[in-house]
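Participant: Below are the chains, spelled out letter by letter.
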Amino acid sequence: MKHIDEYRDGGLARAIAATITREAVARRHYHFMEFCGGHTHAISRYGIEDLLPANVRMVHGPGCPVCVLPVGRIDDAIALAMRPDVTLCTYADLMRVPASAGRSLLRAKAAGADIRMIYSTLDAIHIAETEPHREVVFFAIGFETTTPPTALAIKLARQKHLTNFSVFCNHVLTPPAIRAVLDAPDNAAIRIDGVIGPAHVSTITGTAPYQSLAADFAKPIVVAGFEPLDVMQAILMLVRQINEARHDVENQYARLVTARGNMIAQLAMAEMFERRASFAWRGLGELPHSALRLRAAYADLDAERRFAITPTATADNPACECGDVLRGLTRPVDCKLFGTSCSPESPMGSCMVSPEGACAAHWTYGRFRDRARAHAGRLPA
Amino acid sequence: MRLARRHGRRLDLRHGRIDLSHGAGGRASAQLVDEIFRAAFDNPMLDRGDDQAAFDVPAGQMVISTDGYVISPLFFPGGDIGSLAVHGTINDVAMAGARPLHLAASYIIEEGFFLADLQRIAHSMARAAREAGVAIVTGDTKVVERGKGDGVFITTTGVGLVPPGLGLSADRAQPGDVVILSGSIGDHGVAVMSKRHNLGFETDLLSDSAALHGLVAEMVRVAAGALRVMRDPTRGGLAASLNEIAQQSRTGCLIDEDRIPIRAEVAAACELLGLDPLYVANEGKLIAIAAPEAADALVAAMRAHPLGRDAVAIGEITADDQCFVQMMTSFGGGRIVDWLAGEQLPRIC
Numbered sequence: 019m020k021h022i023d024e025y026r027d028g029g030l031a032r033a034i035a036a037t038i039t040r041e042a043v044a045r046r047h048y049h050f051m052e053f054c055g056g057h058t059h060a061i062s063r064y065g066i067e068d069l070l071p072a073n074v075r076m077v078h079g080p081g082c083p084v085c086v087l088p089v090g091r092i093d094d095a096i097a098l099a100m101r102p103d104v105t106l107c108t109y110a111d112l113m114r115v116p117a118s119a120g121r122s123l124l125r126a127k128a129a130g131a132d133i134r135m136i137y138s139t140l141d142a143i144h145i146a147e148t149e150p151h152r153e154v155v156f157f158a159i160g161f162e163t164t165t166p167p168t169a170l171a172i173k174l175a176r177q178k179h180l181t182n183f184s185v186f187c188n189h190v191l192t193p194p195a196i197r198a199v200l201d202a203p204d205n206a207a208i209r210i211d212g213v214i215g216p217a218h219v220s221t222i223t224g225t226a227p228y229q230s231l232a233a234d235f236a237k238p239i240v241v242a243g244f245e246p247l248d249v250m251q252a253i254l255m256l257v258r259q260i261n262e263a264r265h266d267v268e269n270q271y272a273r274l275v276t277a278r279g280n281m282i283a284q285l286a287m288a289e290m291f292e293r294r295a296s297f298a299w300r301g302l303g304e305l306p307h308s309a310l311r312l313r314a315a316y317a318d319l320d321a322e323r324r325f326a327i328t329p330t331a332t333a334d335n336p337a338c339e340c341g342d343v344l345r346g347l348t349r350p351v352d353c354k355l356f357g358t359s360c361s362p363e364s365p366m367g368s369c370m371v372s373p374e375g376a377c378a379a380h381w382t383y384g385r386f387r388d389r390a391r392a393h394a395g396r397l398p399a
Numbered sequence: 011m012r013l014a015r016r017h018g019r020r021l022d023l024r025h026g027r028i029d030l031s032h033g034a035g036g037r038a039s040a041q042l043v044d045e046i047f048r049a050a051f052d053n054p055m056l057d058r059g060d061d062q063a064a065f066d067v068p069a070g071q072m073v074i075s076t077d078g079y080v081i082s083p084l085f086f087p088g089g090d091i092g093s094l095a096v097h098g099t100i101n102d103v104a105m106a107g108a109r110p111l112h113l114a115a116s117y118i119i120e121e122g123f124f125l126a127d128l129q130r131i132a133h134s135m136a137r138a139a140r141e142a143g144v145a146i147v148t149g150d151t152k153v154v155e156r157g158k159g160d161g162v163f164i165t166t167t168g169v170g171l172v173p174p175g176l177g178l179s180a181d182r183a184q185p186g187d188v189v190i191l192s193g194s195i196g197d198h199g200v201a202v203m204s205k206r207h208n209l210g211f212e213t214d215l216l217s218d219s220a221a222l223h224g225l226v227a228e229m230v231r232v233a234a235g236a237l238r239v240m241r242d243p244t245r246g247g248l249a250a251s252l253n254e255i256a257q258q259s260r261t262g263c264l265i266d267e268d269r270i271p272i273r274a275e276v277a278a279a280c281e282l283l284g285l286d287p288l289y290v291a292n293e294g295k296l297i298a299i300a301a302p303e304a305a306d307a308l309v310a311a312m313r314a315h316p317l318g319r320d321a322v323a324i325g326e327i328t329a330d331d332q333c334f335v336q337m338m339t340s341f342g343g344g345r346i347v348d349w350l351a352g353e354q355l356p357r358i359c
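Residue numbers (this note's numbering), protein chains in the order written: chain A, 19 to 399; chain B, 11 to 359.
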């Protein structure tokens with residue numbers, strides 16, 4: 019496949035791996051957090067860890083929107099969907115996310131809630147147009163990448179004078195989450211030496227928002243694409259920065275990412291959304307200015323205002339270690355629930371639900387490696 | 011067959027629709043069966059008009075298999091629910107190494123369904139059955155109220171005869187056995203997805219829906235003693251079938267991504283839709299597990315058959331008490347090829 023295969027070439031991968039092995043100084047460690055679940059998935063799917071020397075290790079970060087969505091928000095969505103007048107439109111990845119009391123959107127649908135799985139925000143607009151007697155709510159979720167399509171839906175709803183469409187907004191922002199991870203008092207224990215940032219977020223935001231993070235924490239950040247060779251190259255770039263004692267923001271994904279990003283998308287987002295004072299992240303807790311909501315001018319399209327949703331605070335299952343996994347404090351395999359009562363078929367925690375979640379990725383693609391390291395400690399030294 | 015004119019005015023096969031009387035067991039039901047199904051399937055066993063088909067039982071071991079078809083959309087590039095219902099059940103019978111003998115077909119039709127579409131489906135079934143040399147010898151029709159079905163659901167049951175001495179079963183794979191795939195994967199699932207109303211995309215790809223018993227007969231002829239397992243990787247794709255075999259045989263499996271044939275169109279569509287072709291359904295492919303000494307001859311025989319032209323050995327059975335199916339990726343790392351969690355593509359067959 020043109021424009022794909024060249025980024026999955028095994029020969030090139032081995033060449034980069036050999037360079038990483040040659041340049042990584044044997045006596046030091048290189049622990050890199052790939053922030054984004056897309057990278058976690060690529061690392062597991064292509065077996066990238068098999069190609070890295072033992073002192074270069076990847077720590078899986080919290081950049082999986084399904085994983086960081088607190089249980090309470092799913093509870094709120096289910097409550098909305100159970101209203102007889104509401105049709106809830108959602109991306110399929112949210113369907114099986116466990117809510118409280120053993121519930122999920124999938125089970126709510128089986129119990130009669132009108133929940134439709136859609137591929138695009140335009141599908142939700144279409145449903146609102148063709149079924150004017152239904153209150154159509156789009157369950158919006160995701161980082162900066164998926165926010166512009168939601169903005170487009172809002173714009174279209176306005177243009178078409180739709181009075182039965184609204185957005186349950188759960189869009190979150192990347193830089194505050196990276197800051198929270200690097201800033202955590204226990205970061206000393208994780209010892210993250212560098213960060214791989216997601217390229218698709220930076221196609222929208224540019225690389226500029228990472229400058230202060232790299233400077234404040236003296237950690238190198240490389241914005242990278244999602245093909246396996248992109249990830250390998252980003253790892254090499256991080257190794258070189260550390261060897262040269264640099265902490266710059268570098269752009270591996272120069273084929274699309276610029277420093278300033280997509281100004282049209284940024285303007286659309288700024289017009290319709292504002293930062294919430296605070297938002298609860300699963301695993302990271304309340305983070306200031308870390309999420310978006312609709313501006314007052316679009317209040318009629320905001321499901322939270324329209325249906326007077328008061329956020330439900332729901333505690334996670336106490337045995338679930340998703341919180342620590344999301345911050346890189348615990349490896350999936352170290353959680354007591356991993357592979358016992360928690361698996362992709364019956365997930366207890368959010369990291370096991372999305373294929374981009376650290377636990378699901380390791381379970382699905384990498385758990386054969388656990389045999390070899392069955393007696394290893396909780397975290398790489 | 012010349013149909014006796016016994017129902018007065020014929021069915022309006024151009025504009026007519028199924029109504030509840032077609033399922034009520036009265037004259038309308040009989041007319042529907044006569045003018046659509048018996049006219050299309052045309053064989054003496056069905057023509058007898060009994061509630062069952064009678065046939066002599068040959069000596070030896072017989073197999074029976076049944077499968078329900080609920081595919082959406084009903085018509086897709088390379089086939090429709092009718093041809094699929096014939097091919098799918100023939101293949102389930104054939105995976106025992108058996109020669110399929112007869113099929114039974116049962117229809118649940120939704121009120122309001124166009125008779126023209128039903129006839130088109132019946133003709134497609136008849137053609138598929140004729141090409142396969144397997145007659146549809148008995149059947150049933152039911153009608154449900156509008157909104158209680160989705161056009162038509164079909165269940166087919168097949169019986170077949172196993173050649174003497176053959177004992178294929180998914181619990182017979184042994185470490186060192188070779189895993190052989192008959193051709194490219196994912197064609198059916200992607201062809202069907204391309205016609206989903208909310209997902210339509212342009213592709214020339216056709217479903218691979220086909221009856222595999224001819225290919226199977228050739229494989230049995232060449233390497234009967236060395237064949238241990240055969241499976242057609244339908245729902246859940248290659249990944250599901252390999253996991254089933256590993257689990258039932260209490261072995262592992264190691265395959266090589268570079269050797270798995272995937273058409274460029276399938277790879278591109280999967281890339282776009284975020285699907286893994288290993289999990290996408292096939293309707294005209296088989297996996298064979300065979301003793302290593304017979305593998306080359308088996309692959310050569312498969313390649314000489316039109317439905318096995320791209321046959322290739324993709325890996326081997328390993329000793330593994332955890333029954334992992336593992337894959338060496340083209341990229342150079344290893345990964346598990348796990349069971350499918352949840353539903354990747356609903357209603358694909």
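It cannot be assumed that every hint is accurate.
Stated by the list, open to error - Straight-line Cα separation of at most 30 Å, DSBU-like style, residue types lysine-lysine; simulated pairs:
{"#": "1", "chain 1": "B", "residue 1": "158", "chain 2": "A", "residue 2": "127"}
{"#": "2", "chain 1": "A", "residue 1": "127", "chain 2": "B", "residue 2": "205"}
{"#": "3", "chain 1": "B", "residue 1": "205", "chain 2": "A", "residue 2": "173"}
{"#": "4", "chain 1": "B", "residue 1": "158", "chain 2": "B", "residue 2": "205"}
{"#": "5", "chain 1": "A", "residue 1": "127", "chain 2": "A", "residue 2": "173"}
{"#": "6", "chain 1": "A", "residue 1": "178", "chain 2": "B", "residue 2": "152"}
{"#": "7", "chain 1": "B", "residue 1": "205", "chain 2": "B", "residue 2": "152"}
{"#": "8", "chain 1": "A", "residue 1": "178", "chain 2": "A", "residue 2": "127"}
{"#": "9", "chain 1": "B", "residue 1": "152", "chain 2": "A", "residue 2": "127"}
Stated by the list, open to error - Ranges between beta-carbon positions, derived for each pair:
{"#": "10", "chain 1": "A", "residue 1": "285", "chain 2": "B", "residue 2": "30", "range": "53 to 59 Å"}
{"#": "11", "chain 1": "B", "residue 1": "85", "chain 2": "A", "residue 2": "201", "range": "34 to 40 Å"}
{"#": "12", "chain 1": "A", "residue 1": "119", "chain 2": "B", "residue 2": "206", "range": "47 to 53 Å"}
It should be emphasised that the hints constitute simulated quantities derived from the structure, not laboratory data. This one's a predicted model, so the numbers in the text were calculated from it and none came from an experiment. Ideal Cβ placement from N, Cα and C applies to all residues, glycine included.
Participant: Please go over all the hints and tell whether each is borne out by the structure.
Facilitator: Each hint, compared with the structure:
At most 30 Å may separate the alpha-carbon atoms for a hinted pair to count; residue 158 of chain B and residue 127 of chain A meet this at roughly 17 Å. With a CA separation close to 25 Å, the supplied pair residue 127 of chain A and residue 205 of chain B stays within the 30 Å bound. With a C-alpha separation of about 29 Å, the suggested pair residue 205 of chain B and residue 173 of chain A falls inside the 30 Å cut-off, and the hint holds. Proximity of residue 158 of chain B to residue 205 of chain B is assessed by CA-CA distance (about 23 Å); at most 30 Å being required, the pair is judged to hold.
For the proposed pair residue 127 of chain A and residue 173 of chain A, the alpha carbon gap of about 29 Å is at most 30 Å, so the pair holds. As the CA atoms of residue 178 of chain A and residue 152 of chain B are separated by approximately 44 Å, the hinted pair breaks the 30 Å bound. Proximity of residue 205 of chain B to residue 152 of chain B is assessed by CA-CA distance (about 27 Å); at most 30 Å being required, the pair is judged to hold. Restraint check: the Cα-Cα separation between residue 178 of chain A and residue 127 of chain A comes to about 29 Å, which is no more than 30 Å; the hinted pair holds.
A hinted pair counts as satisfied when its Cα atoms are at most 30 Å apart, and residue 152 of chain B with residue 127 of chain A qualifies at roughly 28 Å. The given range of 53 to 59 Å is respected by residue 285 of chain A and residue 30 of chain B, whose C-beta atoms sit roughly 58 Å from each other. Checked against the hint of 34 to 40 Å, the pair residue 85 of chain B and residue 201 of chain A fails, with Cβ atoms roughly 58 Å apart. For the pair residue 119 of chain A and residue 206 of chain B, the beta carbons lie near 34 Å from each other, so the given range of 47 to 53 Å is not met.
When the structure is compared with the earlier hints, violations turn up for hints 6, 11 and 12 and for no others.
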